[in-house]
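Chemist: Chain residues, written in single-letter form:
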Amino acid sequence: MVDAATPATAPPTIRPRRRRPLSWRLILSGSWLLIVLLAAIFAPFVAPHDPLAQDLLLEKLPPFWVAGSEPGYWLGTDGLGRDVLSRIIYGARIALTVAFVAATAACIIGSTLGLIAGYYRGWIDQIVSRIVDIWMAFPPVLFSILLVAVIGTGLHSVILAITVIDWIRFCRVVRAETLVQRRMDYVDSARVAGFSQLTILIREVFPNTLPTIIALLSLEMGIAVIVEAILSFVNLSISTDDPTWGGMIAEGRTVIHFAWWVLVFPLIALFLTVLAFGQFGEGLKDRFDPVLQ
Amino acid sequence: MSADTAGTTGAYLDIDDLSIALRADPGHRLLRSVGLHVKPGEVRGLVGESGAGKTMIGKTIFDILPRAVAVVEGSVRLGGEDLLALPEGKRRKLIARTSALIPQDPLTALNPVRRIESQITDRLTAILGQSKKAARDRALTLLEEVHINDPERVLASYPHQLSGGMRQRVLIAAAFAAEPKLIVADEPTTALDVTVQKQILRLIAEMQRRHGTALLFVTHDLGVVAKICQNVTVLFGGKVVEDTDVKGLFAHPAHPYTAALIGATPRYDRPEESLLPVPASVIEDTHREIAAADAAWIVARSPHTKGAA
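Those sequence lines, one after another, are chains A and B. 104 is the number that the working numbering gives to position 104 of the first sequence; each next residue is one higher, with no gaps. 280 is the number that the working numbering gives to position 280 of the second sequence; each next residue is one higher, with no gaps.
Calculated directly from the structure, the hints in this document are not laboratory data. Remember, predicted model here, so these are calculated numbers, not experimental data. Wrong hints could be hidden among the right ones.
Said to hold, decoys possible - Some, not all, of what chain A presents toward chain B, calculated at C-beta under 10 Å:
1. P16
2. G122
3. Q126
4. M184
5. R191
6. A250
7. E251
We put the CB at the ideal spot given by N, CA and C, even for glycine.
Chain A with its partners taken away, still in its complex shape (with noise of 0.2 Å):
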């Protein structure tokens, strides 16, 4: 009885689910993330001028800690005179709001068509890739300026144009992803115990392409800023008189000799939320892929 020696009863190995400390990445990305969204919440409270206040007597003053400034122009005031930290809170507003509802709506089309051209294959999937394969023929920015010359300018217009440029990169890297797991051995088990395709799409697939599908729609939020600030930059955004961080880079470049800081200050609060919502992606989906835990 050699066999009675080697008890068939599994040892109790369950490794505990132990929560990591959060990444540096995570945290700092974070953090300036929480900062531009109350400052955009709270602008009108936060806000030490009036942003479109203009006065002249005011006009190019420079940032704090050169001489000349004036207090409570932190950093500084552009040709017309109005407030740069003033106009960059009231920038964050648009650039914030355009960047959750065109990255939100571009990432719900786009991911339900690519879990769908994955899973079923077939013809959906045919009509779809080859839509992706035209759509990727069109240069993005040079479509997204055509699109809000044809509809018009505005936030909407700007929103849509996002949405209508970028779905098909979440509808891409979803789709690709579908088709890993399609393959899996627990898709396989759930058919055989008898689950309809419909639900084990929803049950079993979409929540292992959730962790990409986040990292996705933070990366997106960032470049629906670079977008909306190109379209601002071109003027084709919303009206002038709304202060966004593209226009003032806009202005800032034809007095970059006078007063650099015009046009600097809008691009460095442009290039971190741009840079944090793309590590906030990666940290995101580090923290929440389940094989890595």
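Starting from the structure of chain A, add chain B where the hints point.
Modeler: Just chain B now, with coordinates in the frame of chain A:
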């Protein structure tokens, strides 16, 4: 004649004359007129090397063949019901109620983002219409049956928290959950450590005896067949070359390929015997045999011949 009698003496799984082929090239068969019968309570080994079509048979039974492949001929019956003749919905239901799969790779066979509990109980609630509470109790009992010490904690765990052996135990428990009549175990020990393989093998045999389930054990390991199977079907190139009981297989194999395969299997009881590779001539002869059968099959099905007959 043994295959014929098995078909008429109440086998639970009856596969007759089954051929599957690429959709793009129906003349290129992956399974060549396969017959396979498993009686209630029988443990049948399905042996063959990689690419012999072992897994394809399992996938045909469960109707999960890859898209590029289709059944061109033959029948698959579960408890007398012809699966291929049923409409999709009924076929799915019949498969779910009567059979289950123990998959090859426990790492990908459990959904990484769902807790073990739901992955066992959803079958019970969906197939048998049990309440959540009843299904949970049943899952606990099953986990105890597969000798898991701490079933409560395992139910609350995610797959990545369990070792490969533990996951395979969970999958075995899940397979037996709805008391299926037939279980197909597709190389259930291949992906595991050698030390765990033996435990899992013994566990499957134990569960099979306790539940009286018919078991089709797919493997490339004749040693495993000798340990747990009563009968065995040997597959080569998608064709059945041997169909016999295990004692007969080892005592007097009918096909040269089987004999060569036995010679290539290590035996614990005769360690002094050296292992022999399967001779190339045997492989070539078997390929020739298959090619001849293929030619005959194609001729028999060509419209020209049919018109003449």
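Chemist: If a hint holds in the structure, say so; if it does not, say that too.
Modeler: Hint check results:
| no. | hint | result |
| --- | --- | --- |
| 1 | P16 | holds (7 Å) |
| 2 | G122 | holds (8 Å) |
| 3 | Q126 | violated (13 Å) |
| 4 | M184 | holds (5 Å) |
| 5 | R191 | holds (5 Å) |
| 6 | A250 | violated (46 Å) |
| 7 | E251 | violated (48 Å) |
Taken one by one, the earlier hints fail for this structure at numbers 3, 6, 7, listed in ascending order.
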